[in-house]
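Chains as they are written, first to last, in the working numbering: chain E, 1 to 66; chain C, 67 to 132; chain F, 133 to 198; chain S, 199 to 256; chain P, 257 to 314; chain D, 315 to 372.
Read the hints as simulated data drawn from the structure, not as lab findings.
C-beta atoms are modelled at their ideal positions from N, C-alpha and C, and glycine is treated no differently.
Any given hint could turn out to be false.
[As the list claims (entries may be wrong)] Below, a sample of chain C positions facing chain S; criterion: calculated Cβ distance under 10 Å: (1) 78; (2) 83; (3) 86; (4) 104; (5) 108; (6) 115; (7) 117; (8) 118; (9) 121; (10) 128; (11) 129.
[Said to hold, decoys possible] Under the rule of at most 30 Å between Cα atoms (straight-line distance), these lysine-lysine pairs were calculated in the DSS-like manner: (12) E:20 / P:275; (13) F:186 / C:86; (14) P:275 / F:152; (15) F:186 / D:333; (16) D:321 / E:20; (17) E:20 / F:186; (18) F:152 / E:20; (19) D:333 / D:365; (20) C:86 / S:217; (21) D:329 / D:365; (22) D:321 / F:152; (23) S:217 / P:263; (24) S:217 / P:275; (25) S:249 / C:86; (26) D:365 / F:152.
[Unchecked claim] Residues of chain P placed beyond 12 Å of chain C at every Cβ, according to the derived structure: (27) 262; (28) 276; (29) 278; (30) 284; (31) 285; (32) 307.
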Amino acid sequence: QAQARLHQSIHTFTSMCWDKCITGTPSTRFSRSEESCLANCVDRFLDTSLFMVKQIEHQREQARYQ
Amino acid sequence: QAQARLHQSIHTFTSMCWDKCITGTPSTRFSRSEESCLANCVDRFLDTSLFMVKQIEHQREQARYQ
Amino acid sequence: QAQARLHQSIHTFTSMCWDKCITGTPSTRFSRSEESCLANCVDRFLDTSLFMVKQIEHQREQARYQ
Amino acid sequence: AQELMNKTNEKCFAKCVTKPSTSLSSSEEARTTCLSRCLDRYMEAFNLVSKVYIARVS
Amino acid sequence: AQELMNKTNEKCFAKCVTKPSTSLSSSEEARTTCLSRCLDRYMEAFNLVSKVYIARVS
Amino acid sequence: AQELMNKTNEKCFAKCVTKPSTSLSSSEEARTTCLSRCLDRYMEAFNLVSKVYIARVS
């Protein structure tokens, strides 16, 4: 089941990052900027998820000590 | 199950009305127009659903008496 | 189950081709270009799917004889 | 039928209610005209797509 | 809660990370400010939508 | 594999068939070139995303 979730995430990321990074007509190869955009897109999305989780935990901590 | 459907609707509406009403960069609070757009968006969507159901019933009635 | 899949495809195509072909405000009837766009949209999408399957088979053939 | 209704509501809300505001009688009328036509057109599109698709796959 | 988190990540990533680049300290700060505000606003929107919707259907 | 195929068809149809028309031999060739490249690029994107994602989570 973890395998299925991993696969689903890869499909979701490929679709989302394709829309964000590949804006022109498909060519015989990716440009350098398209390729780095795709890789960074995955990394930044994972950063975003981690940041959000930490932020929520931080807010809960603050609420507890008020 | 009705509870799950209610939750699903709230997620769908939040996502749809966010896209329709929140077009700028997120700020420290909603502007007055963003806030009223969000509330009206839910109300107008529910109006739309009701209107559509009535319209279909109306067309069926008409078809029956022709 | 094949029936359910057929229905699902029709919903998906209607939604996708509506977004592609019906860009203005709804009128009392479709214009000629909207109507032919809708019909062609389904045909071209099915052409695309067939082309993609053939292309993948062709690439597998080539890979095998190299 | 439920899915067709959901899709129709979603597409027609997007087309006919561009700026959600409080209900006003003048814009209200333009909106219901738009919604009513949109409903008919979406049903027509659904029937057209069904016809073309079924003709191709059968 | 999982779905709310997924939606928030998706919407805020779309709003705050327009050009995915390697992590840079200056743009990094603007991004975390944007993400932090976006998280708060999305939660607020979710609560507002819940309130209006529940008031209508009950 | 089915989902990858569905996504590829959806993305490449959106990119390469902007105005659906009746099949014409000249535009037909431009379209198949576009679809063929798009298929290769989408597979490449899928592999790249898999590599980066798996490197991060493992």
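How the hints compare with the structure:
1. 78: The hint holds - residue 78 of chain C has a Cβ within 10 Å of chain S, the shortest such distance being about 9 Å.
2. 83: Holds, because the Cβ-Cβ distance from residue 83 of chain C to chain S comes to roughly 8 Å (cut-off 10 Å).
3. 86: 7 Å, holds
4. 104: Hint on residue 104 of chain C: holds, closest Cβ of chain S at ~8 Å, below 10 Å.
5. 108: Hint holds; residue 108 of chain C Cβ to chain S Cβ min 8 Å, cut 10 Å.
6. 115: 5 Å, holds
7. 117: 6 Å, holds
8. 118: At about 6 Å, which falls below the 10 Å cut-off, the nearest Cβ of chain S leaves the hint on residue 118 of chain C intact, so it holds.
9. 121: This interface hint holds because 6 Å falls under the 10 Å limit.
10. 128: 13 Å, violated
11. 129: With a minimum Cβ separation of about 13 Å from chain S (threshold 10 Å), the hint on residue 129 of chain C is violated.
12. E:20 / P:275: Between residue 20 of chain E and residue 275 of chain P the Cα gap is close to 8 Å, so the pair holds against 30 Å.
13. F:186 / C:86: 40 Å, violated
14. P:275 / F:152: 26 Å, holds
15. F:186 / D:333: 23 Å, holds
16. D:321 / E:20: 15 Å, holds
17. E:20 / F:186: 28 Å, holds
18. F:152 / E:20: With a Cα-Cα distance of about 19 Å, the restraint between residue 152 of chain F and residue 20 of chain E holds, given a limit of 30 Å.
19. D:333 / D:365: 35 Å, violated
20. C:86 / S:217: Holds: residue 86 of chain C and residue 217 of chain S sit about 8 Å apart, inside 30 Å.
21. D:329 / D:365: Within the cut-off at roughly 25 Å; holds.
22. D:321 / F:152: 17 Å, holds
23. S:217 / P:263: Holds, because 23 Å separates the two Cα atoms, which is no more than 30 Å.
24. S:217 / P:275: 28 Å, holds
25. S:249 / C:86: 33 Å, violated
26. D:365 / F:152: Violated, at about 33 Å.
27. 262: Answer for residue 262 of chain P: violated, closest chain C Cβ roughly 9 Å.
28. 276: Residue 276 of chain P is indeed farther than 12 Å from all Cβ atoms of chain C, at 17 Å.
29. 278: Holds, because the least Cβ-Cβ distance between residue 278 of chain P and chain C comes to about 22 Å, which exceeds 12 Å.
30. 284: 16 Å, holds
31. 285: 14 Å, holds
32. 307: 8 Å, violated
Checked against the numbered hints above, the structure violates hints 10, 11, 13, 19, 25, 26, 27, 32; every other hint is satisfied.
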